[in-house]
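All chains, please: the whole structure from these sequences, using the hints.
Per our numbering, the sequence shown starts with residue 13, numbered consecutively.
Note that these hints are calculated values from the structure, not bench results. Just so it is clear, CB atoms sit at the ideal spot from N, CA and C, and this is done for glycine as well. One should not assume that every hint holds.
[Stated by the list, open to error] Derived Cβ-Cβ restraints for the label pairs, each shown as a range:
| # | residue 1 | residue 2 | range |
| --- | --- | --- | --- |
| 1 | Gly59 | Arg19 | 35 to 45 Å |
| 2 | Leu52 | Ala88 | 38 to 48 Å |
| 3 | Asp48 | Ala26 | 26 to 36 Å |
| 4 | Gln118 | Leu66 | 13 to 23 Å |
| 5 | Ser151 | Ala26 | 17 to 27 Å |
| 6 | Ala14 | Ala49 | 37 to 47 Å |
| 7 | Asp121 | Arg147 | 33 to 43 Å |
| 8 | Ser151 | Phe58 | 44 to 54 Å |
| 9 | Ala26 | Leu66 | 19 to 29 Å |
| 10 | Pro54 | Ser151 | 40 to 50 Å |
| 11 | Asn16 | Gln118 | 41 to 51 Å |
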Amino acid sequence: LAMNTTRLALALIALNGLTALGFGVFGLADPQGIADAVSLEPQNAFGFSEIRALYGGMWTAMGLLLLGSLRSLASAPQGAHAERVRTIGLCWVGLPLGRGLGAVLQGTDGGPAMGYLLAEVAMIATLLGGLTLLRRARS
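The following block contains the structure:
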C-alpha cells in the first residue's frame, strides 16, 4: 500500500511539474499566444520580454524544479526537496488569490478567468496533496 501511495504522490507532483514546464515553454516560444490567452497586449519588445520572463522563464524554472525533485522526494519526503515543492505550491496560492481580488475589484467576465482559477486551485491541491501523501506513505 505504501508503494502505491508513493507512486501516486510522485505522479501528482510530476503532473504539476510537466504542466508548469509545458506552460513555461509555451510562454518562451509563443509570447503572443500567451498574451492572447490572458488578454494582454504587449506594446513593444519589452512587453514580449516580460511575457517571456514571467510566463515563460518562471514557469519553466518551477516545472524543472519540481521534476528535478522527484528522485530525492522518493527517498526523503521531508527533506529540502519537499520544502522546495511546498514553497512552489504556496507561491501558487497567490494566483487564485490575485485573481479573486481582481474579480472583487473589477468583476469578471466569467469563462476564462474562472477556468484559470479552477485550474490553479487544482494544481495547488494536487501538488500539496501529493506532498502530503508522500509524507504519510513514509511515516
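Going through the hints against the structure:
At roughly 43 Å, the beta carbons of Gly59 and Arg19 sit within the given window of 35 to 45 Å. For the pair Leu52 and Ala88, the beta carbons lie near 40 Å from each other, so the given range of 38 to 48 Å is met. Taking 26 to 36 Å as the suggested C-beta distance range, the pair Asp48 and Ala26 conforms, at roughly 29 Å. For the pair Gln118 and Leu66, the supplied restraint of 13 to 23 Å holds, since their beta-carbon distance comes to about 20 Å.
For Ser151 and Ala26, the Cβ-Cβ distance of about 21 Å falls inside the hinted range of 17 to 27 Å, so the restraint holds. Ala14 and Ala49 have their C-beta atoms about 40 Å apart, which keeps the hinted 37 to 47 Å range intact. At roughly 40 Å, the beta-carbon separation of Asp121 and Arg147 lies within the given 33 to 43 Å, and the hint holds. Checked against the hint of 44 to 54 Å, the C-beta distance between Ser151 and Phe58 comes to roughly 49 Å, which is consistent with it.
Ala26 and Leu66 have their C-beta atoms about 24 Å apart, which keeps the hinted 19 to 29 Å range intact. In this structure the hint that Pro54 and Ser151 lie 40 to 50 Å apart at CB holds, the actual value being about 48 Å. Checked against the hint of 41 to 51 Å, the pair Asn16 and Gln118 passes, with Cβ atoms roughly 45 Å apart.
When held up to the earlier numbered hints, the structure conflicts with none and fits them all.
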